[in-house]
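K.L.:
Here are the chains, one letter per residue:
Protein chains: 2
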Amino acid sequence: MKEKISVGLIQMTMSEKTGENVEKAVGMVERAADRGARIVCLPELFATRYFCQSHNDSNFDLAIGRDDPLLKRFMKLAERRKVALVVPFFERSGPGLYFNSSMVINSDGTEAGLYRKTHIPDDPSFHEKYYFAPGDLGFKAFDLGFIKVGVLICWDQWFPEAARLTAMMGADIIFYPSAIGLLPDERGSEGEKMRQAWITVQRGNAIANGLFVAAVNRVGCEGNADGGGIDFFGSSFIAGPLGEIIDSASETEEQVIVAKIDLSLIEKTRRTWPFFRDRRIDLYGGITSR
Amino acid sequence: MKEKISVGLIQMTMSEKTGENVEKAVGMVERAADRGARIVCLPELFATRYFCQSHNDSNFDLAIGRDDPLLKRFMKLAERRKVALVVPFFERSGPGLYFNSSMVINSDGTEAGLYRKTHIPDDPSFHEKYYFAPGDLGFKAFDLGFIKVGVLICWDQWFPEAARLTAMMGADIIFYPSAIGLLPDERGSEGEKMRQAWITVQRGNAIANGLFVAAVNRVGCEGNADGGGIDFFGSSFIAGPLGEIIDSASETEEQVIVAKIDLSLIEKTRRTWPFFRDRRIDLYGGITSR
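Residue numbers (our numbering), protein chains in the order written: chain R, 971 to 1260; chain E, 971 to 1260.
There's no promise every hint is true.
Since the list can't tell identical chains apart, any single copy or any two copies may satisfy a pair.
As the list claims (entries may be wrong) - Below, in silico cross-link-like pairs of lysine-lysine (DSS-like), each with a Cα-Cα straight-line distance of 25 Å or less:
hint	residue 1	residue 2
1	Lys1118	Lys1238
2	Lys1163	Lys1230
3	Lys1042	Lys1118
4	Lys1099	Lys987
5	Lys1042	Lys1163
6	Lys1230	Lys974
7	Lys1238	Lys974
8	Lys1042	Lys987
9	Lys1163	Lys974
10	Lys1046	Lys987
Keep in mind that the hints were calculated from the coordinates and are not lab data. Predicted model only: the values in this text are computed from it and were never measured.
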């Protein structure tokens, strides 16, 4: 029953205005749908600038509930265009409890489910532990009928455990909505090594699990008050079960990627390299220790 | 106390004669030592051809005990040249019990310990489940004084759990002695994708764990009675904690690689990307299920 599916990746810049970002995202989803995409993913926290560059408690005002009109709008878009969506958002779950989340929306406009970013970074200019509680929903694969979709968010991409557990839930593809870039002192050859490492570790996750991965990053520079800022490096890509790059985006420009993927390659690849047969589950207990 | 260390990788072809293979390996270790290598790794099962292409119970005669003169010879070589060694061998542990093992030898010629291949493949022309019991010693890092060394063998390279647990034992570098290549019907563009996948998944292991990896493969074609055979693809390489290739060998020729690695990069890289801080050990329990 597995077939070829067109997948859309939205690489975009964000302004200070949520309304503008949402309009732009809607327009880019429409373009992906025009080109035949049956599922489209937006970048992490696409509705705002990457506010985690600083500690500022007014930024919590940017968070929205799971029933917010913004999400309803994307549900209607999904229904109208018959396209499934992965929509990242800054989630207010309750007073003082916030998550870095993504809603998965079926192509009939209903909610398929929610994923909350599991691994929360906290590094210079990425103060996420201040804003987000660690995700509490575990790893998931959402069955959309025509494809099973895993979602992991940005920092999650560096943790092979997350990809493995998502694959074990049955995912055909893992989307990685992201907001990753370089700090001013990382530009140059060191930064290029870091960008390559980001691509390579995700291709490694595809290979080790025999599935597709799609990394969907923001692009452009977002400054901050102290003159630092982050150069988001774009470079969104989609890779197959052998880690082969199927399509990739620019390092500097907004871009809509629509790529056709052949889901039958998952079974084919896993027959050639049956890693799931040979996992030594009797020896992996140490994974749950620090 | 961490310093720059020269590491040797021996990529070689094997004949039908164990004596010839051992002489060649000794010579190549000597060359690596001449060039300053302080630790050298040989390919998987380097003393013989890759006999797992067929089921043949006379091949069990190729196995040796842990106290075999072959291993003593490498212990003496290590002592004489003051070089640590990773020496793979077909281990006879007892009647009817065989492992695919590697002995780690200190640079004073003493044994540092043993690793037994954990993940055993069984695929066309790779009938390893017939010959080898699954390794029962778990994942290890051997402290050689100047470096902590993890060893994983070939098929182990595809399992991120193995790299993670070896890293958690404190390894600075993981050696992957290997015997991997292509079957006749895999030559061409599909085979090139597979070779790239092999390189990429190991670079991914380096990145996800912030350590060095060294893949040490055999090279050349070894035929079998039915005219099939395996084209071992060489391509041995050593990569750093960002997955950057430090040096790599030919796809077709024997080669001694000696590469200098800077162990201080491990701490530096892990400070920039502190994955070990952020692992969600409360959510990884599923890793121990099939």
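K.L.:
A separate judgement is required for each hint: does it hold in the structure or not?
P.N.:
Against the structure, the hints:
Only within a single protomer do Lys1118 and Lys1238 lie at most 25 Å apart by alpha-carbon distance; the minimum there is 17 Å, versus 38 Å between protomers. Taking the closest pair of Cα atoms, Lys1163 and Lys1230 come within 25 Å of each other only across two copies (18 Å); inside a single copy the shortest separation is 29 Å, beyond that limit. Proximity of Lys1042 and Lys1118 under a CA criterion of 25 Å is satisfied intra-copy only: 22 Å inside one chain copy versus 54 Å between copies. Proximity of Lys1099 to Lys987 under the C-alpha cut-off of 25 Å is restricted to the intra-copy arrangement: shortest distance 24 Å within a copy versus 60 Å between copies.
In this assembly of identical chains, the alpha carbons of Lys1042 and Lys1163 never lie at most 25 Å apart, being 40 Å within a copy and 42 Å across copies at closest. Only within a single protomer do Lys1230 and Lys974 lie at most 25 Å apart by alpha-carbon distance; the minimum there is 6 Å, versus 46 Å between protomers. For a Cα distance limit of 25 Å, the shortest separation of Lys1238 from Lys974 inside one copy, 14 Å, qualifies, whereas the shortest one across copies, 43 Å, does not. Only within a single protomer do Lys1042 and Lys987 lie at most 25 Å apart by alpha-carbon distance; the minimum there is 19 Å, versus 72 Å between protomers.
In this assembly of identical chains, the alpha carbons of Lys1163 and Lys974 lie at most 25 Å apart only when taken from different copies (20 Å versus 33 Å within one copy). In the homo-oligomer, the alpha carbons of Lys1046 and Lys987 lie at most 25 Å apart inside one protomer (22 Å), although the nearest pairing across protomers, at 71 Å, exceeds that limit.
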